[in-house]
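Peer 1: Sequence:
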Amino acid sequence: MVWNSFPAFPEKVKLAILVGNPSKTEPFIVRVKVPNGEKIMPHSHPEDRIYTVISGVFYIGIGTEFDETKLKVYAPGSVIILPGNTPHFHLAKSGEYVTQVYAIGPLGLDYLDKQFDPRFKSK
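Under full-length UniProt numbering, the sequence shown has 14 at position 14, and the numbering climbs by one with no breaks.
One should not assume that every hint holds.
Stated by the list, open to error - The calculated EDC-like cross-link candidates involving lysine to aspartate or glutamate, where the alpha carbons are at most 16 Å apart (straight line), are:
# : residue 1 : residue 2
1 : K121      : E11
2 : K114      : E68
3 : K39       : E68
4 : K39       : E65
5 : K93       : D113
6 : K39       : D67
7 : K14       : E96
Said to hold, decoys possible - Restraint ranges, calculated between C-beta atoms of paired labels, are given here:
#  : residue 1 : residue 2 : range
8  : V2        : T64       : 18 to 28 Å
9  : F120      : A75       : 30 to 40 Å
10 : T25       : G95       : 33 to 43 Å
11 : I80       : N36       : 30 to 40 Å
12 : T69       : T25       : 36 to 46 Å
13 : T69       : P27       : 32 to 42 Å
14 : N85       : F120      : 15 to 25 Å
15 : E65       : M1        : 28 to 38 Å
16 : N21       : D117      : 17 to 27 Å
17 : I81       : A16       : 32 to 42 Å
18 : P76       : W3        : 17 to 27 Å
19 : P35       : K121      : 12 to 22 Å
20 : D67       : L18       : 29 to 39 Å
21 : T25       : V57       : 13 to 23 Å
Keep in mind the hints are simulated off the structure, nothing from the lab.
Ideal placement from N, C-alpha and C gives every residue a C-beta, glycine not left out.
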């Protein structure tokens, strides 16, 4: 498995493509690795997603603002269905985690506040 940076993620968050091409209108499976302490601020995806927690503890909150009190905790093996266009956020609160994501592309990721979108930050 090859881990790469993904322009829409914070620098330390990595993505590995397992099946398909996320930029095309076809099924895809990716893994996302988020290191301890990393936040992914409120965002949404146009596509419906199915997350499977591979390792670590997955914290996800639903809402338009980052609020640690809204985080739900999922252990390895958990499966989470997230409908498209649902605003949500993540925090690697208790160590690195890896999730596997199944969806039908193209993959989209839109931050609710563009100041948190790494694609718009000057290098």
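Peer 1: Compare the structure with each hint and give your call.
Peer 2: Checked hints:
1. A threshold of 16 Å between alpha carbons decides the hint, and for K121 with E11 the separation of about 11 Å falls inside it, so the pair holds.
2. As the CA atoms of K114 and E68 are separated by approximately 20 Å, the hinted pair breaks the 16 Å bound.
3. For the proposed pair K39 and E68, the alpha carbon gap of about 10 Å is at most 16 Å, so the pair holds.
4. For the hint pairing K39 with E65, the CA-to-CA distance comes to about 12 Å; that is within 16 Å, so the pair holds.
5. At roughly 22 Å between alpha-carbon atoms, K93 and D113 are farther apart than 16 Å, so this suggested pair is violated.
6. For the hint linking K39 to D67, the alpha-carbon distance of about 11 Å falls within 16 Å, and the restraint holds.
7. In summary, the hint linking K14 to E96 is supported, as the alpha carbons are separated by about 11 Å, within the 16 Å threshold.
8. Take V2 and T64: their Cβ atoms lie about 34 Å apart, and the range 18 to 28 Å is violated.
9. At roughly 34 Å, the beta carbons of F120 and A75 sit within the given window of 30 to 40 Å.
10. Separation of T25 from G95 is about 35 Å and conforms to the stated range, judged on CB atoms against 33 to 43 Å.
11. Checking the proposed 30 to 40 Å range against I80 and N36 shows it is violated: the Cβ atoms sit about 20 Å from each other.
12. Checked against the hint of 36 to 46 Å, the C-beta distance between T69 and T25 comes to roughly 37 Å, which is consistent with it.
13. Roughly 35 Å separates the CB atoms of T69 and P27, a value that falls within the hinted 32 to 42 Å.
14. As the Cβ distance of N85 to F120 is approximately 20 Å, the hint placing it in 15 to 25 Å holds.
15. The given range of 28 to 38 Å is respected by E65 and M1, whose C-beta atoms sit roughly 34 Å from each other.
16. Between N21 and D117 the beta carbons are some 22 Å apart, a value that agrees with the proposed interval 17 to 27 Å.
17. A hinted range of 32 to 42 Å is violated for the C-beta pair I81 and A16, which are about 22 Å apart.
18. Taken as a hint, the range 17 to 27 Å holds for the pair P76 and W3, whose Cβ atoms sit roughly 18 Å apart.
19. Against the hinted window of 12 to 22 Å, the Cβ-Cβ separation of P35 and K121 comes to about 19 Å, which satisfies the hint.
20. At roughly 32 Å, the beta carbons of D67 and L18 sit within the given window of 29 to 39 Å.
21. About 33 Å separates the C-beta atoms of T25 and V57, a value inconsistent with the hinted range of 13 to 23 Å.
The structure does not agree with the numbered hints 2, 5, 8, 11, 17 and 21 stated previously, though it agrees with the rest.
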